[in-house]
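With the first letter of the sequence shown counted as 1, position 240 gets the number 240 in the working numbering; the numbers rise by one all the way through.
To be clear, the hints were calculated from the coordinates, so they are not data collected in a lab.
Heads up, some of the hints might be wrong.
What the hints assert, rightly or not - As a list, the in silico DSBU-like pairs of lysine-lysine whose alpha-carbon atoms are at most 30 Å apart:
#, residue 1, residue 2
1, 166, 186
2, 215, 240
3, 184, 126
4, 62, 184
5, 166, 184
6, 173, 250
7, 147, 208
8, 208, 239
9, 166, 134
10, 215, 147
11, 250, 215
12, 134, 239
13, 134, 240
14, 210, 246
15, 240, 208
16, 134, 62
17, 186, 57
18, 250, 240
19, 147, 210
20, 239, 186
21, 215, 173
22, 136, 208
23, 126, 147
24, 126, 136
Claimed, not checked - For each label pair, taking beta carbons as the anchor points, the in silico distance ranges come out as:
#, residue 1, residue 2, range
25, 75, 43, 34 to 40 Å
26, 60, 89, 26 to 32 Å
27, 93, 191, 40 to 46 Å
28, 14, 139, 24 to 30 Å
29, 64, 149, 30 to 36 Å
30, 255, 93, 43 to 49 Å
31, 48, 230, 23 to 29 Å
Glycine included, C-beta positions come from ideal geometry on N, C-alpha and C.
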Amino acid sequence: MQNSTGHYNVLTHGIRVLTPGLIADIDNIEWLEIRWQNLTDMNPGTFQNLPNLRTLKISLNKISKIKTGIFNTLTNLTILGLPLNDVYQIESNAFDNMTSLQDIDFTYNRLESVDPRWFLLTPSLKFINLSFNKLKEIPANIFGNIKSPGPFILWFRGNNIANIDKDAFNGMKTISELSLKENKLKTLTGDFLHGREMSSWLSIGYNKIKCIDEKHFATVFVANYTDIWGNPWNTECLKKIQTWAKENHKSVQNDPY
Numbered sequence: 001m002q003n004s005t006g007h008y009n010v011l012t013h014g015i016r017v018l019t020p021g022l023i024a025d026i027d028n029i030e031w032l033e034i035r036w037q038n039l040t041d042m043n044p045g046t047f048q049n050l051p052n053l054r055t056l057k058i059s060l061n062k063i064s065k066i067k068t069g070i071f072n073t074l075t076n077l078t079i080l081g082l083p084l085n086d087v088y089q090i091e092s093n094a095f096d097n098m099t100s101l102q103d104i105d106f107t108y109n110r111l112e113s114v115d116p117r118w119f120l121l122t123p124s125l126k127f128i129n130l131s132f133n134k135l136k137e138i139p140a141n142i143f144g145n146i147k148s149p150g151p152f153i154l155w156f157r158g159n160n161i162a163n164i165d166k167d168a169f170n171g172m173k174t175i176s177e178l179s180l181k182e183n184k185l186k187t188l189t190g191d192f193l194h195g196r197e198m199s200s201w202l203s204i205g206y207n208k209i210k211c212i213d214e215k216h217f218a219t220v221f222v223a224n225y226t227d228i229w230g231n232p233w234n235t236e237c238l239k240k241i242q243t244w245a246k247e248n249h250k251s252v253q254n255d256p257y
């Protein structure tokens, strides 16, 4: 169903599996959403000859696996949203040749790990949203294949992350926003930001952090604004953080408002 020029909502009328060629040969489609359709699977070749498609959102379905060949021909796509599904497996080559892709959204799925191969052939990628999955750590080099110059927006909110490797963000020179909110971090050293420019915003709120060693303040609070609200801070440690932030002209906020 077309809402306006170039904007389509797809109603699958009971179809649970998207088959090859099901959505094809539409020149004027720019924005496509498939939601609340109880889809369980998509097969390679589902999307064919959609030269002007820029935004594709497949949400609120029951898709568990993303296979190679579903999205690879969408070379002009800039935004891919897969939120609110049951995705736990994504094949390594699933996003190959998506040369225009800038924004990919995996929120509210069941991913337990990130495959570095996903980002090898997505040279325009700038925003990766992995919030509300089942990640327990951010290991070394998961973004090591990134070719985009950035700056990057990375959201990991609402996972179970307790550890961040010092080489977790290798391949990224500039991170403008990093959300680690609502995880299980107990402390931070900031080693994972070493050698990177952290410009705009860092969120470490609602973790389990009681204190950060004073010697690490300068490597943790590198962003212009850092949200630390919702942690069980030690009172003296919090005072030291606030004093340091004031002296170093950084905004470190322990206030939800």
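Status of the hints after comparison with the structure:
no., hint, result
1, 166 with 186, "holds, 15 Å"
2, 215 with 240, "holds, 11 Å"
3, 184 with 126, "holds, 26 Å"
4, 62 with 184, "holds, 27 Å"
5, 166 with 184, "holds, 17 Å"
6, 173 with 250, "holds, 21 Å"
7, 147 with 208, "violated, 34 Å"
8, 208 with 239, "holds, 17 Å"
9, 166 with 134, "holds, 20 Å"
10, 215 with 147, "violated, 33 Å"
11, 250 with 215, "holds, 16 Å"
12, 134 with 239, "violated, 33 Å"
13, 134 with 240, "violated, 33 Å"
14, 210 with 246, "holds, 20 Å"
15, 240 with 208, "holds, 18 Å"
16, 134 with 62, "holds, 17 Å"
17, 186 with 57, "violated, 35 Å"
18, 250 with 240, "holds, 13 Å"
19, 147 with 210, "violated, 37 Å"
20, 239 with 186, "holds, 18 Å"
21, 215 with 173, "holds, 23 Å"
22, 136 with 208, "holds, 14 Å"
23, 126 with 147, "holds, 10 Å"
24, 126 with 136, "holds, 23 Å"
25, 75 with 43: 34 to 40 Å, "violated, 19 Å"
26, 60 with 89: 26 to 32 Å, "violated, 19 Å"
27, 93 with 191: 40 to 46 Å, "violated, 32 Å"
28, 14 with 139: 24 to 30 Å, "violated, 41 Å"
29, 64 with 149: 30 to 36 Å, "holds, 34 Å"
30, 255 with 93: 43 to 49 Å, "holds, 45 Å"
31, 48 with 230: 23 to 29 Å, "violated, 47 Å"
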